Amino acid sequence: MMKRLFYVLCAVLLSSCASGTRVTDFNDRSLGYGWLNIKEVDANRLYAVDIYQYRPQTTEPYYPAAVRPFKNGFLYYTMALPNGAHKTQSARGQSCLGILCGNTDYRYSFGKQGDEVGAIVIKSPGVYHMGSYKLKSVQTGIFEPGKFEVLPATDAPSRREMLEEILKDANDVPVIAERIQRELAQLR
Amino acid sequence: MSRLLPLLLALLLQACATPRMLPAATELKAGDAEVVVIGKIELVPPLSPLEQKSHWNVVGEKRMLGHVFMATSADYKPVATSRLDPSEFQAALDAEWGTPFMVKMPRQRTYFNGGMAHLDVLAQEQLWFPGHVYFDVPAGASAVYIGTLRYHRNDFNSITKIEIVDERKDIPLVLKTGAAEVRTSLLRRLR
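Protein sequences appear in the order of chains V and B. Just so we're aligned: 55 in the working numbering is position 55 of the first sequence, and the numbers increase by one with no gaps anywhere. Heads up: take any position in the second sequence, counting from 1, add 188, and you land on the working numbering.
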């Protein structure tokens with residue numbers, strides 16, 4: 001009896017750690033990428049960006065993006081987007097000094113309404129730029145929660161620079177690497 | 189200093205305000221200063237369960253998901269959509285999406301100041317809907333039908349179109365008898 005209970009407990013614990021379905025076939029998937037400048041908000045190191053799938057609706061709408069410092073900002077991308085409507089949903093970061101980071105988690109949510117920031121509609125598999133933006137803190141009252149605004153980034157790296165950077169990571173996914181190379185050939 | 193204290197108290201009390209809903213009506217009886225209002229609010233395409241996240245540990249969540257809360261008042265004061273301010277929802281219409289409502293409202297020209305629907309109560313994710321409409325109460329009317337306020341949205345939940353539709357067939361759904369006593373006074377757009 002105790003043994004069974006133990007297995008059930010293990011299964012429950014493991015299920016609570018479950019993450020999204022792993023994508024192995026990228027033939028019908030697209031690369032979505034963008035860039036964020038966070039110099040004018042509290043966080044100075046981004047560690048997560050989530051992309052949300054609006055259409056078609058799904059039980060697993062969140063796509064965690066790879067995030068890396070790039071050209072005075074942070075480049076984010078995922079190679080797993082299916083056809084549909086997607087938008088950059090949120091970015092999370094910390095305030096760090098060298099290798100020491102504070103324990104405050106800063107979450108910048110772009111909301112689930114509106115297509116002004118990081119929204120794309122994928123009709124066929126390919127390479128999609130989700131935009132380059134600057135996050136800027138907005139002054140609020142003492143009792144009000146922090147706010148930020150999103151502005152188009154004027155100092156963003158070019159699409160070519162971003163794609164060349166992502167290409168370094170795409171060797172394991174030949175179909176996406178090929179699409180990036182095709183896109184690079186079209187960019188001036 | 190004695191002036192500052194009441195001001196501070198007022199500010200603190202305002203911060204503690206909770207939304208207040210308009211009372212539901214079950215029949216056409218209303219007080220002298222009230223009117224029974226019948227209508228409906230729709231969203232096209234409708235919200236699906238996949239878009240709304242529920243949590244077992246959020247009390248009262250079932251009364252919030254699948255509903256739209258429309259701020260109303262005697263003056264037009266559009267709600268701030270950057271954050272939920274309960275003080276703007278002190279006379280809020282709580283309507284289930286796509287289901288006719290019947291509530292008691294003050295007998296006066298009433299403005300819809302903007303609506304809000306929860307996607308995730310815990311994470312405070314909401315959708316916002318513009319108001320910018322009003323209705324009048326005809327003299328002597330004890331009940332008015334204001335029509336269907338229909339919002340259309342795109343893939344990213346931006347509101348792309350607002351319609352006001354006359355669907356008087358909804359009245360018998362909320363009122364078993366006395367439909368003839370209900371005067372039509374459809375919502376109108378503000379100019």
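One thing to keep in mind: the hints can contain errors.
Just a sample of chain V residues kept apart from chain B, beta carbon distances all over 10 Å, derived [unchecked claim]:
id : residue
1  : Y54
2  : R55
3  : Q57
4  : K136
5  : P152
6  : Q186
7  : L187
Here are the in silico distance ranges between beta carbons for each label pair [as the list claims (entries may be wrong)]:
id : chain 1 : residue 1 : chain 2 : residue 2 : range
8  : B       : E369      : V       : T21       : 27 to 37 Å
9  : V       : R4        : B       : T206      : 22 to 32 Å
10 : B       : R356      : V       : R159      : 26 to 36 Å
11 : B       : D263      : V       : R160      : 16 to 26 Å
Rather than coming from a laboratory, the hints here were simulated on the basis of the structure. Since the model is a prediction, treat every value here as computed from it, not as a measurement. Heads up, the beta-carbon is just placed ideally off N, CA and C, and yes, glycines get one too.
Evaluated hints:
1. Y54: violated (5 Å)
2. R55: Its Cβ does come within 10 Å of chain B, the nearest being 5 Å, so this is violated.
3. Q57: Given a closest Cβ separation of 4 Å, the condition is violated.
4. K136: Since the minimum Cβ distance to chain B is about 15 Å, K136 (chain V) lies beyond 10 Å and the statement holds.
5. P152: holds (18 Å)
6. Q186: Q186 (chain V) is indeed farther than 10 Å from all Cβ atoms of chain B, at 26 Å.
7. L187: Holds, because the least Cβ-Cβ distance between L187 (chain V) and chain B comes to about 26 Å, which exceeds 10 Å.
8. B:E369 to V:T21: 27 to 37 Å: violated (57 Å)
9. V:R4 to B:T206: 22 to 32 Å: Since the Cβ atoms of R4 (chain V) and T206 (chain B) sit about 47 Å apart, the hinted range of 22 to 32 Å is violated.
10. B:R356 to V:R159: 26 to 36 Å: Given range 26 to 36 Å: violated, Cβ gap about 55 Å.
11. B:D263 to V:R160: 16 to 26 Å: Since the Cβ atoms of D263 (chain B) and R160 (chain V) sit about 54 Å apart, the hinted range of 16 to 26 Å is violated.
Going through the hint list in order, the structure does not satisfy hints 1, 2, 3, 8, 9, 10, 11.
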